[in-house]
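Protein chains in written order, with the numbering used here: chain L, 1 to 227; chain S, 1 to 261.
For the record, the hints were derived by calculation from the structure and aren't laboratory data. Keep in mind that this is a model prediction, so the values were computed, not measured. Glycine is no exception: its CB is placed at the ideal position from the N, C-alpha and C atoms.
Simulated crosslink set (DMTMM-like; lysine to aspartate or glutamate; CA at most 20 Å straight-line):
1) L:K42 with S:E36
2) L:K74 with S:E38
3) L:K44 with S:E36
Here are the in silico distance ranges between beta carbons for each label pair:
4) S:I41 with L:I97: 34 to 40 Å
5) L:R46 with S:T67: 40 to 46 Å
6) L:T50 with S:E60: 39 to 45 Å
7) S:F3 with L:F149: 25 to 31 Å
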Amino acid sequence: MRISPDDVVFFEYGFVKLNLTIVTTWILMAFMAIGSVLITRKLKSRVKVTRWQSVLEMIVTGIKQQIEEVGLQKAERYLAFLGTLFLFLLLSNLLTILPIYEPPTSSLSTTAALAISVFFAVPFFNISEHGILNYLKSYVKPLPIMLPFHIISEFSRTLALAVRLFGNMMSGVMIIGILLTITPLIFPIVMTAFGLLTGSVQAYIFTILASVFIAAAAQESGKETET
Amino acid sequence: MLFDWFTLIAQLVNFLVLVWLLKRYLYKPILDAIDERENLISSQLHAAEATRTNALKELENYQQKNTDFDQQRHDLLIGAISEVNLERQKLLEQTRKEVEALRFHLQESLRTEQLNMGSEIIRRTRTEVFAIVRKTLADLAGVNLEDQMAGVFISRINGLKTDEKEFFYLALNHSEKEISIRSMFKLSMNQQDAIHTVLKNNLKISAGINFETLPDTVSGIELIANGFKVSWTIDDYLASLETHLAKLLNQNTETTSENIT
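One chain only, chain L, in its complex shape (with noise of 0.2 Å):
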């Protein structure tokens, strides 16, 4: 049985392999570009706009007003990073209710792909608003010793985010892949509409966990630019 889609290999150089979730994540990618590209070109600044006008701009807008309940005050500064995991992520397991599809999120490497794109978001937001000092300051609050433990918590939190991701999708598609020997008839169905709940939720708690992360930190620096 098959865990990963980066086992199946297209085309293998060396180091360099294109396997399903790289195809699968360009698919997805050349979609949501194409697709903004599509709808934002006839963009009206008028009070009366097109549906799928007012469905991005709920879309948008929802994301930013989460960044905003969460903490973070600019929230146009985080919308891109933020917004694009978030969507990603639902695209991606979404997908699932088509019965070829293998969401690229079932990777480990895809997973942790993001979750380091996180760990490394986080002290780019920083310190481009706080600075580098205050962003390095904040690692010995309250106390010096609580170094090793708060660089320990950056990289468990990290390797969190990826696991938990990885986990769910690929559990979920694990257990229709099961299900489907098993009882090909009704429960694959039930099984696939679960699925595509826990892919929803587990994209909003990957966004929502990465904007605590930098909302977090940035609470620290924060502080440090105050005093």
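Add chain S to chain L, keeping to what the hints say.
Just chain S, lined up with the frame of chain L:
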């Protein structure tokens, strides 16, 4: 294998590219459109608020104008009423004066008519009285009225007392004009001679005597000289008659005036 480094790096790059793509083609256009729409709505709201403020000002202005117009109309109405009352009083006064003048004029006309009528009555009465008397005397007594009147006039001159003659003498002989004898009928030559003779004998008159016949004004025979007059007429009777007639006409005039008023 559960984990692949190349895939990890590739997915990392893919994700960053996707972030850039969506930022470029999704978030920025959408946020710009939202901001632009918010600005548009905000400007429209401001414009609407400005329009509303202007409308309220216009409303207040028009209400003020209405109030002013009502006040002005009220003032004009009051002024017009005052002017009408004034004009009415003026016209009433003018009418009253005109009526007064008309009444005065009418009274004057009535009075004049009354005088004329009185004079006419007196004249006719005198004529009729003399005609009747003349005819009566002629028919019943075979006497001529004119002769008798001239005779009586002459006898009256003859019958004057001495002091009266002296008085007349002084009065008549100091006149530079002629002595005038006026009568209602033409005196005959004999009568004129008789009168001339009696005046010359009794009153020593040296001036000329002018005889006049005035049937409408004289009711007998009169002697006029230097402001003095000796008359032998029925004027006293006619005066009494005229007085009675005047009373009667006055009563009629007053009644007419009251009716006019």
